[in-house]
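Heads up: the sequence lines are chains A and B, in that order. Numbering-wise (my numbering), the first sequence opens with residue 87 and increments by one. Numbering-wise (my numbering), the second sequence opens with residue 87 and increments by one.
Please keep in mind that the hints were generated in silico from the structure rather than gathered at the bench. Note that the structure is a prediction, hence the values are computed from the model and not measured. You can trust all of the hints, since none of them are fake.
Heads up, simulated DSSO-like pairs for lysine-lysine below, C-alpha to C-alpha not over 27 Å straight-line:
{"no.": "1", "chain 1": "B", "residue 1": "K292", "chain 2": "B", "residue 2": "K261"}
{"no.": "2", "chain 1": "B", "residue 1": "K220", "chain 2": "A", "residue 2": "K220"}
{"no.": "3", "chain 1": "B", "residue 1": "K265", "chain 2": "B", "residue 2": "K292"}
{"no.": "4", "chain 1": "B", "residue 1": "K258", "chain 2": "B", "residue 2": "K127"}
{"no.": "5", "chain 1": "A", "residue 1": "K204", "chain 2": "B", "residue 2": "K220"}
{"no.": "6", "chain 1": "B", "residue 1": "K131", "chain 2": "B", "residue 2": "K258"}
{"no.": "7", "chain 1": "B", "residue 1": "K258", "chain 2": "B", "residue 2": "K220"}
{"no.": "8", "chain 1": "A", "residue 1": "K220", "chain 2": "B", "residue 2": "K204"}
{"no.": "9", "chain 1": "A", "residue 1": "K292", "chain 2": "A", "residue 2": "K261"}
2 protein chains.
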Amino acid sequence: MGKLLCACDSCRNKLCAKQISIFSSLDGQQLTKIADLIIHKCYKKGELLILEGETMNSLFIINKGQTKAFRNTQDGREQILHLFSEGDFFGERNLLRDQVSNYSVEALEETHVCLIHKHDFQLLVREHPDIALKVMEELCRRLDRLENTVETMGTRTVEARVSSVLLEFADKYGKPHPKGIMIELPLNREGIANYIGLTRETVSRKMSLLQDEGVIEMNGNKKVLIVDRTALERLAE
Amino acid sequence: MGKLLCACDSCRNKLCAKQISIFSSLDGQQLTKIADLIIHKCYKKGELLILEGETMNSLFIINKGQTKAFRNTQDGREQILHLFSEGDFFGERNLLRDQVSNYSVEALEETHVCLIHKHDFQLLVREHPDIALKVMEELCRRLDRLENTVETMGTRTVEARVSSVLLEFADKYGKPHPKGIMIELPLNREGIANYIGLTRETVSRKMSLLQDEGVIEMNGNKKVLIVDRTALERLAE
DNA sequence: CCAAAATCATGCGTTACATCACATTTTTTT
DNA sequence: AAAAAAATGTGATGTAACGCATGATTTTGG
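Whole structure, please, built from the sequences with the hints as guidance.
And the structure:
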């Protein structure tokens, strides 16, 4: 289960840093310099990138694949806090203040990451203040999303929560489809339940209900077609 | 209900900016320059500082008093997202990208704020990158808190939610007391309920229960004495 | 200090979700 | 392609929080 250096050099000569929005203000030469600082790693599905409570010393940037950030609650549940995919970063909180990670991060599929060491990142930020602004922007986006999550979790109706999460997935992972928007779900039913604080069974039941109402169509376990987005938005309130 | 300029000059000549952590890296001369940019305003209890959906052009920093940030949900509830008190700032999200406010902010008591105009703030950040890092730190703290909120809201047991919020208040507003920690509650029962996604009645019932168990002692409606912090921490998990 | 208004406590019936159990389907493995 | 494993759907049942109603208490404002 060792975390091996990535065998593929899919990005070593391709300036993967260029793809990443927080570096978007830099020019080619600066990016080349950054590329030299980056270490690449590759994780298989189910592998842990970060363990809650662990001391961190790098910023993780996802080059390919996706991960979930979660905590194991005392009552045995798993609460998923964030989903990270291509271009997202995490571990930033431990770069400013010395602090252990407050969640675990697990690969949901084969995931390739770029690592920048804490020290290098701090130098970069000093040299290019624009990076700090980009990071701030992303943190604000993340706050927005969490505020929405808190709002929907505070809402009593469970239908609204399920609808919200489907809309979120549609925006993030959805692809156009002749009959609507096709989503390749990043999580199974239990994962969705752990993301919005419900049980697997309740998510199942509500999704079946949405299908009966003609709002969505399930295609196997991993694909969902949003047929009537408007209805979903109305349900999500 | 007009938002009048503050009559008191409690801070005009006292470099109120000095108190504010995001400016802590600046020296006296720089602070004086900032003080000139600041506009002071004063709001009475119940007044709105920001209305959800409003275009924003300033950063608000609380000099004295406290406020709640909230949204009115479609089902008629009010979801409180943040509590801000002395030294806290808000409105930052609208300074980076042009975006309307995604929550309303209301004064919970007489509140004095310092306002910095978007344009001035952006210049300041360019000139003093340390400010951006300080803002990032605060944003991270806020993310931490929201992540905790999501975790406790996802937890099924309501006792844990109530205990968590009491602990949060104890840390933020608690004062030492011979028998434990005395809290001056920033919110009434309904407010607490809207903060953690419960009903007023449920909060009432659970707090009565905690009192019966000898964990807390209520003193009128606005004061709570934490008698057994350990028990509360155990309940909060 | 008193009266009015606001806030809080609590009993009770109802509802919605959790929980358990098991059949079924889908996915993975060989 | 078949077998094994994993994930999902669904019914029955219990329970905990909601929602309403009402009386008690606390706070506010003159």
